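Let the hints inform the model, and build the full structure from the sequences given.
Residue numbers (our numbering), protein chains in the order written: chain U, 1 to 482; chain F, 483 to 921.
Treat the hints with care, since some could be wrong.
[As the list claims (entries may be wrong)] Covered stretches of chain U (in silico footprint by chain F; criterion: 3 or more residues with CB under 8 Å from a CB of chain F, positions within the stretch not fixed):
(1) 207–213
(2) 231–245
(3) 270–281
(4) 399–413
[Said to hold, decoys possible] In silico lysine-lysine, DSS-like type, Cα no more than 27 Å apart, as pairs:
(5) F:Lys609 x F:Lys640
(6) U:Lys291 x F:Lys795
(7) F:Lys552 x F:Lys583
(8) F:Lys552 x F:Lys596
(9) U:Lys108 x F:Lys856
(10) U:Lys381 x F:Lys498
(11) F:Lys856 x F:Lys604
(12) F:Lys499 x U:Lys381
(13) F:Lys609 x F:Lys552
(14) F:Lys565 x U:Lys108
(15) F:Lys566 x F:Lys596
(16) F:Lys578 x F:Lys566
(17) F:Lys499 x F:Lys578
(18) F:Lys730 x U:Lys476
(19) F:Lys795 x U:Lys476
(20) F:Lys566 x U:Lys108
Calculated from the structure, these hints are not laboratory results. Predicted model, so just to flag it, every value in this text is computed and none were measured. No residue lacks a Cβ here, since even glycine has one placed at the ideal position from N, Cα and C.
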Amino acid sequence: MSAFSILILLFALAAIGYVLGRGRAMKSAGGSIRALHSLPHYYGWNVALFTLVPALALLALWLVVQPAWIDAQVAKTLPQGALDDGAYSLMISDVRRLADGLDRAVAKGAIAPDVANSISGDIRAQLGAAGVALGAEVKPEVLIAAQEMRRLGQVGDMWRSVAVVALAVLGLLFGLRMINRDFRARNTVERAVLALLIGAALIAILTTLGIVLSMLFETRHFFAQYPAFDFFFSTKWAPNFRGGSDLGILPLLWGTLYISFIALLVAVPIGLFAAIYMSEYAGPKARTFIKPLIEVLAGIPTIVYGLFALLTVGPLLRDYFAQPMGLGESASSVMTAGLVMGVMLIPFVSSLSDDIINAVPQAMRDGSLALGSTHSETIRKVVLPAALPGVVGAILLAASRAIGETMIVVMGAGAAAKMDLNPFEAMTTVTVKIVSQLTGDTDFAAPETLVAFALGLTLFVITLGLNVVALVIVRKYREQYE
Amino acid sequence: MSRPKTSLYTTSARTKKRNAAERRFRAYGLFAVGLAMAALAMLLTSIFSSGSGAFQQTYITLDVELPEAKLDKSGTRDMAVMKKVSTFGYAPLITKALMAKLEEMGIETPLKKKQIGALVSKAAPAKLRDFVLANPDVIGTTQRFEFLASGRIDGYMKGRVTHESAERDGKISPEQLDLVDALVADGAIVKRFNWAFFTSPDASGQRPESAGLGVAILGSLYMMLVVLVLALPIGVGASIYLEEFAPKNRWTDIIEVNISNLAAVPSIVFGILGLTIFINFAGLPQSAPIVGGLVLTLMTLPTIVISTRAALKAVPPSIREAALGIGASKMQTVFHHVLPLAAPGILTGTIIGMARALGETAPLLLIGMVAFVKEFPAAPLEGLFDPASALPVQVYNWTQRADPGFVERASGAIITLLLFLVIMNVAAVLLRRRFERRW
Chain U
1 MSAFSILILL
11 FALAAIGYVL
21 GRGRAMKSAG
31 GSIRALHSLP
41 HYYGWNVALF
51 TLVPALALLA
61 LWLVVQPAWI
71 DAQVAKTLPQ
81 GALDDGAYSL
91 MISDVRRLAD
101 GLDRAVAKGA
111 IAPDVANSIS
121 GDIRAQLGAA
131 GVALGAEVKP
141 EVLIAAQEMR
151 RLGQVGDMWR
161 SVAVVALAVL
171 GLLFGLRMIN
181 RDFRARNTVE
191 RAVLALLIGA
201 ALIAILTTLG
211 IVLSMLFETR
221 HFFAQYPAFD
231 FFFSTKWAPN
241 FRGGSDLGIL
251 PLLWGTLYIS
261 FIALLVAVPI
271 GLFAAIYMSE
281 YAGPKARTFI
291 KPLIEVLAGI
301 PTIVYGLFAL
311 LTVGPLLRDY
321 FAQPMGLGES
331 ASSVMTAGLV
341 MGVMLIPFVS
351 SLSDDIINAV
361 PQAMRDGSLA
371 LGSTHSETIR
381 KVVLPAALPG
391 VVGAILLAAS
401 RAIGETMIVV
411 MGAGAAAKMD
421 LNPFEAMTTV
431 TVKIVSQLTG
441 DTDFAAPETL
451 VAFALGLTLF
461 VITLGLNVVA
471 LVIVRKYREQ
481 YE
Chain F
483 MSRPKTSLYT
493 TSARTKKRNA
503 AERRFRAYGL
513 FAVGLAMAAL
523 AMLLTSIFSS
533 GSGAFQQTYI
543 TLDVELPEAK
553 LDKSGTRDMA
563 VMKKVSTFGY
573 APLITKALMA
583 KLEEMGIETP
593 LKKKQIGALV
603 SKAAPAKLRD
613 FVLANPDVIG
623 TTQRFEFLAS
633 GRIDGYMKGR
643 VTHESAERDG
653 KISPEQLDLV
663 DALVADGAIV
673 KRFNWAFFTS
683 PDASGQRPES
693 AGLGVAILGS
703 LYMMLVVLVL
713 ALPIGVGASI
723 YLEEFAPKNR
733 WTDIIEVNIS
743 NLAAVPSIVF
753 GILGLTIFIN
763 FAGLPQSAPI
773 VGGLVLTLMT
783 LPTIVISTRA
793 ALKAVPPSIR
803 EAALGIGASK
813 MQTVFHHVLP
823 LAAPGILTGT
833 IIGMARALGE
843 TAPLLLIGMV
853 AFVKEFPAAP
863 LEGLFDPASA
873 LPVQVYNWTQ
883 RADPGFVERA
893 SGAIITLLLF
903 LVIMNVAAVL
913 LRRRFERRW
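As structure tokens, then:
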């Protein structure tokens, strides 16, 4: 029985348990709800939970443990001694592929199920005739191991079905036995629900943990093959899959920071002035019209901005600025990506600044106006200084967005890693290189692929740092006026 | 002591200066808003003007003779024999039909046979072959077919290709375009709405005219399904715990900080997570919607949690107190009273989070969704594990191809994507308007 059909069976059992539990509770109360401690459906749920939870836990455990156990058993049948780690894992994956191929051949009906585990001879030709392509020549010991793997897998699957279903039935009976009119079913069910809710909240932590651990793990592999000092301080980026690569992060960081700088140069003044206009000058009517329109910019997917950079902005800048001024021939450039990214960031700066400017107490404005200053003087000398920490936080948040942005730079900035001051030159960023090193054919043992994880971790640390600082500033600032 | 004489009736130079500064400052603000609007307008115009062509397609109608001698040498309609005739066997039939058409119209042309055949898409022979194999009875007859015109001809009909550009183009010549003009006048070449753009799968780099969004739309739909099924219950569960049950201590603080930080983690990092955990560690297949859906779920969770918590917070405490007062348990209070009242806010947040997930590209690149996928995935749940594409990734994919026809397709795909986003956002706004309650 496959794991999926076991699952369906379990749910059916739970449904039966629900009906039985509910009925038993009603019977024990003599048909009168008022004699029960909890509402009848809680008794039903209680039995269903007793049926499901232990059985599901066992199923999950089994799904994790069985493959590892089978691998260990199969490894014993393989010839010992000469195999080092790399060759061993290759062989195990060969075995797995062959076992998988046999499975598929059986599923297609090309090989009878009872023959598959004793078949011998030129297995590759036989499977090929059945439409299952295998890569290399199959060694006899691999074939034996694969058949052993299948045999163990079938035995394990059978026992899994038996054990899980038996546990479910036991849980059902146990749950039913507990029911009587004084049993506090609601409390049990509510505790289970609370556990579910806590589990949901913990997923956020698990995600962060997953991100950090997965990148740390691979980054350690990378630094085992490539010196950390060169990674952080070399100014040359020249990956070469035949070995002897230079993987210095500095040119990538330079491109990232340069593009982000230009983007902020666009986004901060426009966003800030737009926020000032919206919160201080615009009437309520204009505000309800302008604010959503600017926020549309934040809702547009970054791929759209990328296409915009590629189709319109890039050629425009090249034809009207770069070529006439003799600054470059490339449509993808730091300027292209920076300008487009700047447009994308406008709403990030403006919405947050708008909120923060609105949070400045009206009394401060009134005081300044009463002293005779004009509206703009009030804004410049009273409102903005008061809102400054919050605005700085908004800018930091925008900067962290800019540094982590991927699609715009992939499509607009180019792929050449260099450190140049000319903004019309194509340069590249950390995110672009993560994409290019991890797409296509990747070899997870080569430093040229693993470097992407070190880049990712660097990016994560930088953006996380910026975010934390920004959040602390914004929070501190908000408290000031509450 | 001589003080400058001032009067309340005349404005002093200083006041004038200050008032001018005031007007300037205000103008800066207006200018900034204008710039933002102009950027938005420019973005949309650029995408729409280059993409609107994708919704039209040029077709060419031909009467194709299907001779038995070429297509079925056995004469017995034996499938095994018929299948031996590849698309290379069918292509000359189409060219012949086109030449017959030109002869019928009385057009003399200096063009070679091959150049005339190039007017029809490279996808046409495959279509003809599929049709013949599905209906073996038509062999020996003459049938009327509507084929796709080739990408360059399609471009000519939409104004992308002109006689001048054809001079410099190795794939098309002005003489061929003259032929097209004649065929258009005759009514054999027509341009009409391109339904196939939404239903057909991607095509190879040689034939932009037959590339469509079918697989991408289906893949995106599957991923949204996964996101909805996973992110909504998990997000709502987490929010309920944090908002209604969690004690204020260091643990819940850590969880809260965590969620707000997750919202700001660059999307590409989620792609790395998907690659290492879901594909390399858990062994899920590459390019599968399930992996994309899981990654997008993790990305959408913070959005849903933040909006759900706001919605729960907006339910006044009096509701909770009333429920508790008449003897409901804490759990009953939350699930029977607070949650239903917060539902519109939660749904709005979910739709907005899903709209953001729909447009997300970078993480999907890392989990292999850039691969060229021509086969439609099966129906769920099985289909969730089949390779598929996604709308934004398809756009990226097309921009990487050389033929200019794909630029138009990419922009068209963007318009389709934006249309979906607009629908989702409008739904969210309407939902909020319709059900929003203020206490």
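How the hints compare with the structure:
Only residues whose C-beta sits within less than 8 Å of a C-beta in chain F count toward coverage, and the region 207–213 of chain U has 4 of them, enough to reach three; the restraint holds. Only when three residues or more bring their CB closer than 8 Å to a CB of chain F does the claim for the region 231–245 of chain U stand; here the count is 0, and the claim is violated. Residue count for the region 270–281 of chain U with a Cβ under 8 Å from a Cβ of chain F: 10. That meets the three needed, and the coverage hint holds. Given as covered by chain F, the region 399–413 of chain U passes the check, having 9 residues with a CB less than 8 Å from a CB of that chain where 3 are the minimum.
Of the pairs offered as hints, the one joining Lys609 of chain F and Lys640 of chain F holds, with about 24 Å between alpha carbons and a cut-off of 27 Å not exceeded. Of the supplied pair hints, the one linking Lys291 of chain U and Lys795 of chain F holds, its CA atoms being roughly 24 Å apart against a limit of 27 Å. Between Lys552 of chain F and Lys583 of chain F the CA atoms are separated by roughly 20 Å; this keeps the pair inside 27 Å, and the hint holds. Distance hint between Lys552 of chain F and Lys596 of chain F is fulfilled; the C-alpha atoms sit about 19 Å from each other, no more than 27 Å.
Under the criterion of a C-alpha separation no larger than 27 Å, the hint pairing Lys108 of chain U with Lys856 of chain F is consistent with the structure, at around 23 Å. Restraint check for Lys381 of chain U and Lys498 of chain F: the C-alpha separation of about 19 Å stays at or below 27 Å, so the hint holds. Our distance criterion of 27 Å between C-alpha atoms is met by Lys856 of chain F and Lys604 of chain F, whose separation comes to about 16 Å. As the CA atoms of Lys499 of chain F and Lys381 of chain U are separated by approximately 17 Å, the hinted pair is consistent with the 27 Å bound.
At roughly 17 Å between alpha-carbon atoms, Lys609 of chain F and Lys552 of chain F fall within 27 Å of each other, so this suggested pair holds. Using a Cα cut-off of 27 Å, the hinted pair Lys565 of chain F and Lys108 of chain U holds, with the two alpha carbons roughly 23 Å apart. A distance of roughly 23 Å separates the Cα atoms of Lys566 of chain F and Lys596 of chain F; the hinted pair therefore holds under the 27 Å criterion. At roughly 21 Å between alpha-carbon atoms, Lys578 of chain F and Lys566 of chain F fall within 27 Å of each other, so this suggested pair holds.
Of the supplied pair hints, the one linking Lys499 of chain F and Lys578 of chain F is violated, its CA atoms being roughly 82 Å apart against a limit of 27 Å. Taking the CA atoms of Lys730 of chain F and Lys476 of chain U, the gap is about 19 Å. The hint holds against a cut of 27 Å. Using a Cα cut-off of 27 Å, the hinted pair Lys795 of chain F and Lys476 of chain U holds, with the two alpha carbons roughly 22 Å apart. For the hint pairing Lys566 of chain F with Lys108 of chain U, the CA-to-CA distance comes to about 24 Å; that is within 27 Å, so the pair holds.
Violated hints for the displayed structure, listed by number in ascending order: 2 and 17.
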